[in-house]
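Chemist: Sequence:
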Amino acid sequence: MSKKTRKKKPDPLVKGVLDITRSGIGYVIAEGRDNDVLVRPNDFNKAMHGDTVRVKLKQSNGRRIEGVVEEVVERKQTEFIGDIDVKENFAFFKPDSQKPMPDFYISTRNLNGAKSNDRVVVKLLNWEKGEKKPEGEVITVLQAKDMNDMAMKEILIQNGFQLDFPKTVLDEANALNETINQSELAKRKDYRNVLTFTIDPADAKDFDDALSIQKIGKDEYEIGIHIADVSHFVKQGSELDKEGYSRATSVYLPDRVNPMLPEKISNELCSLRPNEDKHTFSVIFKINNKGKVKDYWLGKTFIHSDHRFNYDEVQEIIETNTGKYVDEIQYLNALAKNYRKERFKNGAINFSSTEVKFQLDGSGKPIGILVKESNEAHQLIEEFMLLANRTVAAHVDKIKIDKKPIPFPYRIHDTPDEEKLKPFVAFAKKFGYRFNM
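With this note's numbering, the residue at position 207 of the sequence shown is 202, and numbering never jumps.
Everything labelled a hint here was simulated from the structure, so no lab data went into it. Honestly, I wouldn't trust all of these hints.
[What the hints assert, rightly or not] Derived pair list, reagent style EDC-like, types lysine to aspartate or glutamate, alpha-carbon separation capped at 16 Å: (1) K110 / D159; (2) K287 / D201; (3) K352 / D290; (4) K118 / E179; (5) K287 / D272; (6) K127 / D159; (7) K259 / D159; (8) K367 / D322; (9) K285 / E215; (10) K259 / E215.
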């Protein structure tokens, strides 16, 4: 056989995500490969659905390429919900899953009060080489009386989100306090005597941004946009930092938030609650009555929120021209309307859409649906946040180190998928629009 006709041997190891079907067959989806790799149940080698794995490829006989899991690189999920069967000297845990899953072995020392037929959350401890079953520990016994609470927890667990924080993380968070010392005062501008307030949904549990305003001249105001300074409390390399990195995001469900950081930080230290001094990052603008930014300053600050508004309260103040801090809110709203008008004039797209919100009773049971609309109160906050974001981006773009721009992360939307665009292209064609595809 010549070199030209000889088949190229596949790479021996492929990294990807294991997708196990209901029938029990697995497929590893790997970047850079046109086709996935088939993995049979006997070749999972302790891997479970959603895990990132390394697969050793088998010789292909012209059919679909098969492989054997050589290593579990990263678990998608380490906590599971299901039922437990307690025997005399051990217990078995059967996870709830639409995908085939092994039962867990639970030693009596890891039952933590669970009894037979209890609904429990179990954490994967280990799965030693040669062991047929993974070993787990009961971390929560779910109370069947609250089915709504159980349903929300199941959603989180089944999508790989942990319900609780490790003790080391909680201990580190609980040791923090927001005392303002003299050395920190020297590093920050003090805006605690400037009128400041937050505007959030009525059911918000944490408040991570605020507006301040004070008149500094006949036709000029100083307006501040402030966000909580999380970095003051979460230091690089700390247990909190590692946990936040691992979780990546807070998860919002109809009746709760599963936070990225413990509530001591998310709902207390870094929540801009009224009548409390807070560590913040700020953009302070000098703006004239026409909305022109005359100057700005970026940096660390202290603020003291004077009031917590919700959107409905601010909207009522705007519409009735009466209420707390009415002059300041009307002034900010007038500026926001001008900024919004200017944005659309310059080609901005209005992404506003109708949202729905579930109305829940005291036990978390859905009893209705509310339509959320974007009104002037929402747009007021939106425009000043956009102003701050644009200003920070432009400011950083000017900074050079050794005559080179500094790296700066930002979020973009990927280019649209062509297959998903085709129905829209066909629809737009009816109205005379053409796309190059």
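Chemist: Against each hint, give a clear statement of whether it holds in the structure.
Modeler: Evaluated hints:
1. K110 / D159: Since the Cα atoms of K110 and D159 sit roughly 21 Å apart, the hinted pair is violated (cutoff 16 Å).
2. K287 / D201: 32 Å, violated
3. K352 / D290: 40 Å, violated
4. K118 / E179: Violated. K118 to E179 sits at ~41 Å, over the 16 Å cutoff.
5. K287 / D272: 30 Å, violated
6. K127 / D159: 28 Å, violated
7. K259 / D159: 13 Å, holds
8. K367 / D322: 26 Å, violated
9. K285 / E215: 9 Å, holds
10. K259 / E215: With Cα atoms ~39 Å apart, K259 and E215 exceed 16 Å; violated.
The structure does not agree with the numbered hints 1, 2, 3, 4, 5, 6, 8, 10 stated previously, though it agrees with the rest.
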